[in-house]
Amino acid sequence: MLGYFCKRILLIIPTVMAVILLVFVLMASLMGTDTSRMIRYEDDVPGEAPRLSFLQQYGKYCFRVFVRGDFGENDSYNSPLGEDLMERTAMTLRMTGISVIATYLLGLPLGILAACRRGRWQDRLITSLTTFFSALPSFCLALGFVLLFSLRLRWVNVTLQNDADYLIPLATLAIAGAANVAKVTRAGMAEALDRPFILSLRSLGLSRRSVIFRHALKSALIPAFSVFGTVCANLICGSIVVERFFNIRGLGSCIIGAVGSRATTTLMGCMTIVALIMCVLSVAADLLFVIIDPSLRKSLTFGSTLRRRGER
Amino acid sequence: MKGARRTFFSDPVSVLALAVLAAVILFCIVYPFVSPYGYDEVNTAERQQMPSAKHPFGTDYLGRDLLVRMAYGGRLTLSVAFLTGLMAAAAGTVTGIACGYAGGLTDSLGMRVMDAISSVPGLLLAIVFDYLLGMGRGNFLFGIAIAGIPPFARIVRAAVLEIRQSSYVAASRALGAGHFHIIKEHVLHNVMPLAAVQASTSVADALTTCTILGYIGVGISPPRPEWGVLFDMGRKQLRSMPHLSLIPAAAITICIVCLYLLGNGIRDSLSARGGSHE
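So the sequence lines, in the order shown, correspond to chains A and B. 1 is the number of the first residue of the first sequence in the numbering used here; add one for each residue after it. 1 is the number of the first residue of the second sequence in the numbering used here; add one for each residue after it.
Calculated directly from the structure, the hints in this document are not laboratory data. Some clues are possibly wrong.
[What the hints assert, rightly or not] In the SDA-like style, the derived pairs of lysine to any residue whose C-alpha atoms are separated by at most 25 Å in a straight line are:
(1) K236(B) / Q161(A)
(2) K236(B) / V158(A)
(3) K7(A) / S108(B)
(4) K236(B) / N157(A)
(5) K236(B) / G257(A)
(6) K7(A) / M111(B)
(7) K54(B) / A164(A)
(8) K236(B) / K7(A)
(9) K7(A) / K184(B)
(10) K218(A) / S295(A)
(11) K236(B) / S295(A)
(12) K218(A) / R262(A)
(13) K7(A) / Y101(B)
(14) K236(B) / L148(A)
(15) K236(B) / K218(A)
(16) K236(B) / W155(A)
(17) K184(B) / S118(B)
(18) K236(B) / A284(A)
Work out the full structure: start from the sequences and follow the hints.
Below you can see the structure in the form of C-alpha cells.
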C-alpha cells in the first residue's frame, strides 16, 4: 500500500507536466506562427528576448515552475506572478476546504435520514431538495442569499468585510455539493439497508439505531466518499462563479480575468496550479477510500491500480 | 408506449412542467415579433425603470426593455441548451451502444475515455474549449456537449449489457439476424426511453453550464442578451433594482426545475409500465 501511494505521489509531477504540455500545444496553435514569447519572465530583457523553440520554452517553463517556483511575470503589471498566484490559491483552497467539510457535514446526515425514512415525507422532501439544489446554477443561489440575508435582513455584508460575511459564499459553495453527497449517500444507504445481513442483525435483536450507524453506515460511506474527488472538482469550478459574484481575489476570478484579457502567462500559471490541485485531490481521494474500505489495502502493490467498488 | 404516455399525462406535475416549458419556449419565439421594442433598442429617456405597464419587466441602464431582452435571451440560452444537450444525447447513446454491444477492448477503451472526460469539470472544459479554439465562434458548445457525454454513455451501456443477455436477442440471433438488425430493432428500441430520461437531465445541465458561461463572460457575450449575461448586467444594481437579476435567475431556475420534473415524469411513467431497464 505504501508503494502504491509513493507511486501515485511520484506520478503527480509527470501528470502536471503532461497537462502543461497539452495547454502549451493548444496555446501555440492558437497564437499562430509567433510562439517565441508565450511566457513572460522577469529577467527577460526587452528587445533582445531570446528566441526559443517551442520545446525549449516548455522545458524552461517546467524547470522554472518545479525547481524555482517561478511562474513568470504578471501580464498586466511588472511583478512576479508566483506570489499573486499563491495568495489567490490560498484563498481558494481555504474556501474550498471549509466548504468540503460543510458539504459532508450537511450531506451525510440528510442522505442517511432520507434512506432511513424511504418513501415517507422526509425522504420526498430531501430528494426533491437535493435534485433542485444540485441543478440550480450557483449564481442563482448566491443571488437568493444576498437578497435575503444581506439586503433584506442585513445580517451580513455583501462586500465581505469581516469573516462572518464569508458565510454566504461558503454556503453557496457547500449547498450544491451537499445535495450531491446526500443523493449518493441516500442511494448507498438504501442499498445497504436492503442487504440480507441488515435483516439478520435486526432479527438478532440489535436496535435499529445500532444497525444503521454501526453496520449499514460503513457500506453507505463508500459511495459517499467515492464522489469526494468530483465534489472537490465541482467546488473548485463553483468557486469561479462565487468568486466573481462576491469579488473575491481567488484563483477562479484570476482564470476569468486571464481569459478575458488573453493573458497567457497568467492562464498558464492558473492551469498548472489547478492541474496540481486536481492531482493531489485524486491521490487524497484514493487514500481516503482505502481508509474507509480496508478490503482494498491488500490488493494495492506498486504496480496496481485502484478499482473502486462504489464507483459506477 | 401508449400506456406510458397515458401515465405521463395523468400526472399533473409532469403535465404542468411540460406546459410551463412549452409556454416559455413559445413566448421566446413569438414575443420578439410582437414587442414594440428591439432587444438592443436604447432609449435614454426611459432608463432604469421599475416594472410598469409599458415595460412589464422594467428597463436597464440604457433604457432597453427587459421583457424583449429576456425573450431574445431565451432563444439563445434554450437553443444552446437543447442543441448541446441533444448533441451529448446522440453521441452518448452511440458510444454507450458501441461499448456495451461490442464489449471487450472497445468497451474498456471507451469507458476509460469517458472516465477521463468526466474527471474534468464541464465548466472548465467549456472555458478551455472556448479560449483555446478561438472565442466568439461557438466553440464552447462542443465543450458543453462533450462534458454531457459520459453519464449518458454509462447509463446506455449498462442497459445494453442487460439487453444483450436477454433471450429475445438470443432468439433473434438464432433466426439469423445480423448485428445491425439487432441493434436497430432490439437495442435501440429498448434504450430509447432510458435515453429520453437522461436527455432531459443533460439539457438541464447544459442550460446550467450555458448560463454560467454567459455570467462569467465566456461564450455568448454582450450585446447578445443571453440569460446569464442579463443576470450579470443586473448584478451591478442589486441594491436599487434587484429585479434586473432576479428575473433572469427565476427564468433559469424555472426552466431547470421543469426539465428535471419532466425527466422524473418520463421515468415514473416508464417504470409504472414495468418495461424500463434500471
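Hint check:
no.	hint	verdict
1	K236(B) / Q161(A)	holds (18 Å)
2	K236(B) / V158(A)	holds (12 Å)
3	K7(A) / S108(B)	holds (23 Å)
4	K236(B) / N157(A)	holds (15 Å)
5	K236(B) / G257(A)	holds (18 Å)
6	K7(A) / M111(B)	holds (24 Å)
7	K54(B) / A164(A)	violated (42 Å)
8	K236(B) / K7(A)	violated (49 Å)
9	K7(A) / K184(B)	violated (46 Å)
10	K218(A) / S295(A)	holds (12 Å)
11	K236(B) / S295(A)	violated (54 Å)
12	K218(A) / R262(A)	violated (48 Å)
13	K7(A) / Y101(B)	violated (35 Å)
14	K236(B) / L148(A)	holds (17 Å)
15	K236(B) / K218(A)	violated (48 Å)
16	K236(B) / W155(A)	holds (20 Å)
17	K184(B) / S118(B)	violated (28 Å)
18	K236(B) / A284(A)	violated (39 Å)
Of the numbered hints stated above, those contradicted by the structure are hints 7, 8, 9, 11, 12, 13, 15, 17 and 18, listed in ascending order.
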